[in-house]
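Chemist: Chains as they are written, first to last, in the numbering used here: chain B, 292 to 638; chain X, 292 to 638.
Zero decoy hints are in this set.
Derived coverage of chain X by chain B (criterion: at least 3 residues anywhere in the stretch with Cβ under 8 Å from a Cβ of chain B; other residues may be distant):
1) 324 to 330
2) 337 to 347
Subject to a maximum C-alpha distance of 25 Å in a straight line, what follows is the list of computed PhoX-like cross-link-like pairs (lysine-lysine):
3) B:Lys295 <-> X:Lys433
4) B:Lys438 <-> X:Lys313
5) X:Lys318 <-> B:Lys438
6) B:Lys318 <-> X:Lys438
7) B:Lys313 <-> X:Lys433
8) B:Lys433 <-> X:Lys433
9) B:Lys433 <-> X:Lys295
10) X:Lys438 <-> B:Lys295
I should point out that these hints are in silico values taken from the structure, not numbers from a laboratory. All C-beta atoms, glycine included, are put in the ideal place defined by N, C-alpha and C.
Below are the chains, spelled out letter by letter.
Protein chains: 2
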Amino acid sequence: MTSKVLLSHGSGGVETAELLRKLIFSKVPDELMRVNGGLGIDRPDDSALIPIGRDEFLVVSIDSYTVNPPFFPGGNIGVLAATGSINDVAVMGGVPIAMLDSIVVEEGFPLSDLEVITNSFLEVLRRENVSLIGGDFKVMPKGQLDKIVITTVGIGVTSKPIIDYPREGDKIIVSGYLGDHGAVILMSQIGISTVDQSGKALTSDVRSVAGLMKRLNDKLWPHIHAARDPTRGGLAGVLNDWASISRTVIVVNEALIPVRSSTKYFAGMMGIDPLYLASEGAVVISVSPEYADEAVSIMRESGFENASIIGEVKRSAEYAGIVLIKSVVGGHRILEPPRGELVPRIC
Amino acid sequence: MTSKVLLSHGSGGVETAELLRKLIFSKVPDELMRVNGGLGIDRPDDSALIPIGRDEFLVVSIDSYTVNPPFFPGGNIGVLAATGSINDVAVMGGVPIAMLDSIVVEEGFPLSDLEVITNSFLEVLRRENVSLIGGDFKVMPKGQLDKIVITTVGIGVTSKPIIDYPREGDKIIVSGYLGDHGAVILMSQIGISTVDQSGKALTSDVRSVAGLMKRLNDKLWPHIHAARDPTRGGLAGVLNDWASISRTVIVVNEALIPVRSSTKYFAGMMGIDPLYLASEGAVVISVSPEYADEAVSIMRESGFENASIIGEVKRSAEYAGIVLIKSVVGGHRILEPPRGELVPRIC
Chain B
292 MTSKVLLSHG
302 SGGVETAELL
312 RKLIFSKVPD
322 ELMRVNGGLG
332 IDRPDDSALI
342 PIGRDEFLVV
352 SIDSYTVNPP
362 FFPGGNIGVL
372 AATGSINDVA
382 VMGGVPIAML
392 DSIVVEEGFP
402 LSDLEVITNS
412 FLEVLRRENV
422 SLIGGDFKVM
432 PKGQLDKIVI
442 TTVGIGVTSK
452 PIIDYPREGD
462 KIIVSGYLGD
472 HGAVILMSQI
482 GISTVDQSGK
492 ALTSDVRSVA
502 GLMKRLNDKL
512 WPHIHAARDP
522 TRGGLAGVLN
532 DWASISRTVI
542 VVNEALIPVR
552 SSTKYFAGMM
562 GIDPLYLASE
572 GAVVISVSPE
582 YADEAVSIMR
592 ESGFENASII
602 GEVKRSAEYA
612 GIVLIKSVVG
622 GHRILEPPRG
632 ELVPRIC
Chain X
292 MTSKVLLSHG
302 SGGVETAELL
312 RKLIFSKVPD
322 ELMRVNGGLG
332 IDRPDDSALI
342 PIGRDEFLVV
352 SIDSYTVNPP
362 FFPGGNIGVL
372 AATGSINDVA
382 VMGGVPIAML
392 DSIVVEEGFP
402 LSDLEVITNS
412 FLEVLRRENV
422 SLIGGDFKVM
432 PKGQLDKIVI
442 TTVGIGVTSK
452 PIIDYPREGD
462 KIIVSGYLGD
472 HGAVILMSQI
482 GISTVDQSGK
492 ALTSDVRSVA
502 GLMKRLNDKL
512 WPHIHAARDP
522 TRGGLAGVLN
532 DWASISRTVI
542 VVNEALIPVR
552 SSTKYFAGMM
562 GIDPLYLASE
572 GAVVISVSPE
582 YADEAVSIMR
592 ESGFENASII
602 GEVKRSAEYA
612 GIVLIKSVVG
622 GHRILEPPRG
632 ELVPRIC
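Whole structure, please, built from the sequences with the hints as guidance.
Modeler: Next comes the structure, spelled out in C-alpha cells:
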C-alpha cells in the first residue's frame, strides 16, 4: 500500500471509498453514524437526513469545489458550488431552502474575478430561492493554494425522501446528455479548445435539477427508489455503487445512453469513456417500471428533452453487484467501477 | 482600493467585514438572508439558526481550517476542525449533535499524518458525543495546495438560543487564559520554540466549550445575552463587534484579563498585543450583573479555573461602539478593532 495521498484517492471511485473506509467509516462507533435515527455515514450518499418531526426530514449535503480552471466554458466555480450542493439535496428528495459557504482563496487572487464568482454563486441562490444563512472566508498566502476552493453546504426539507435502493425490475433513466462537464474541464486543463469540428463550443452542463426532482417526486414518490447526480465517476460510478449496494445486476444499453457527439469526440481523443466523465446538471434515477414512461415525460416537459430509459435492474446470482453494458457493436461487457484519477480538480 | 485579495481580507477583522459586505451581504435580497424566520447572514455570528418547531432551533456553523503547521504544540488541524465548529454551535446556546466534514489534501501528503489527523478529529466527536453524518474528500495535485484544508459543519439543537446583544450593565466574563493558540501558531510559523524561560512549553488551548456552555445556559438562560469564542481577532475582535452592534461602550480592565505569562512574553517578543491573538478553547460572555458571580463559579467548577469578570457594558453617547481598556499602567485607551493580518493560517 502507498504511504502517500494519491490523486486517485480523490477521484470519488474505488480508491476514495477504500481510503475513507479505512480512515473514517471503520472507526466511527455505530451510534455516531447518524443522528436521531436519520441517515448518515452508515449509508454514504449525496446528503444526510436528520429527522425533524413526524415524517419530516432535514436534508444536508457538503462538498468542496476545487475545479480548475475556476472559469470554464459554461460556468465558473461559483455557479458549480451553488448548483452542486443544491443538486445533492434535490436527488435525495429534498427541497433546497438554505446554503452555507466557505471560501478559501489565494492571496493575490484578482478581486474582480472573486466578484464574478460570488455574483454567479448568489445568482443561483436567487433563482432557486435558496437562503444564504452563513459562511466563512479565509485567505492563504501566495503559493500555498492554487487560486480558490469553495465548500458549500446545502440544506433542504422533505417529507418524501428518496432513500431506497434500486429494485429488481426497475428502469434506469437519465435526464439527458452525460459527461459534458468532465469533457469541458479536461479540455480546458490541457489547453484544447472546446469548439468541435462543426464550430460549436461544448460547454459544461452545470444546471440545477431541483425543480425537476421536485416535479418527479411530487408525482412519483415513493416509486423513484434511488436518484443520483452523476458527478465524479460519472454514470459508471453511480450504477456501480447501486449494483454493489443492492446486490443486483444493472444492465444498460449503450445505444440508448445520451452522449453529445462532441463529448464523444473529445473523450475519444483522450481515450476516455464518456460514461466515466462528470455531469453537473443531470440525474440518474431507478424507478418502478410502471412509472418509467411518466418519469421520462416529466423530465422532457421540464426542459430535459433528452431524457431516456437506458436500462434496467435485474436479479442474477452470477452477476450480482455488476453493471453490464450492451455495446453498440454487439455483445455485453462489464462497465467497471471508476478507478484511478481521470481528471483532477474536475469539481 | 486594492485590486487583489490580501491576507488581511482573511483576518476576520475590519477588512474581512468590508469585503464580505461589498461582495455578498449587500447583494443578497432581505428575504434570502435567513430561513423560516431564523437567523442568517442578516446577523453574522458564530452559527445560523433554523427554527424546526415551537421554540426549537437547529444551530448550524461552517468553518474552513487552514492552520499552518497542521501539527502544532497541543493539537493538530483535526482536533481544531472538530472542536472549532462544536464551539461555534455551543456559544449560540446549541447542544452539538452532528457534524459534516470536507477534507481537501495535497497529493503526496503522508497517509500516516492524515490518519493521525482523522483519528484526532474522530476522537473529539466521540468524546463530545457528536455524530458524523456526512463528508467529502478531495485531492489537489502536488504544488496546488500547501498540505491540507478541512471544512467542518457543526449542527446542534437548542430551545435556549443565545442571540441577544450585550446590554447596559452587563458584566463581561472570560473563561480563562487568552491568546495561547495564536501565540503557539505564530511561534511555530517563525520556527521559535514555544518553551519559555522557565522551561515550560506553551501549547494551544484548543478545547471544547460545549459542556461548559450547556451548564451555563441550563442555569442562566436567558441572562447570558451574548457569547463568543474569541478565535480570529481575539478578545479585541469580539468586544469591538459587540460594542459596535449594541452601540454601547465596553470597558475592560487589563489587569483582570487572564493572559498566561509565557503568552505575554512571546507576544511581547513579536510586538503583538495578546488581546488580538486567537484562543480556541475559551469563551467570552456578556451576562446580567446579578448573575455574573454565578457564571464565574460555574466556569471554575467546570474546569475553567481562571474564569474572570474583566469588565462591563456601559451606555455612553460619546463612546458608543467603542471598547475602552483600563491600562495596568493607568488611564484608559481605546482597544481598536483588529486590522491587517497578524498571523495568516492561524485556524
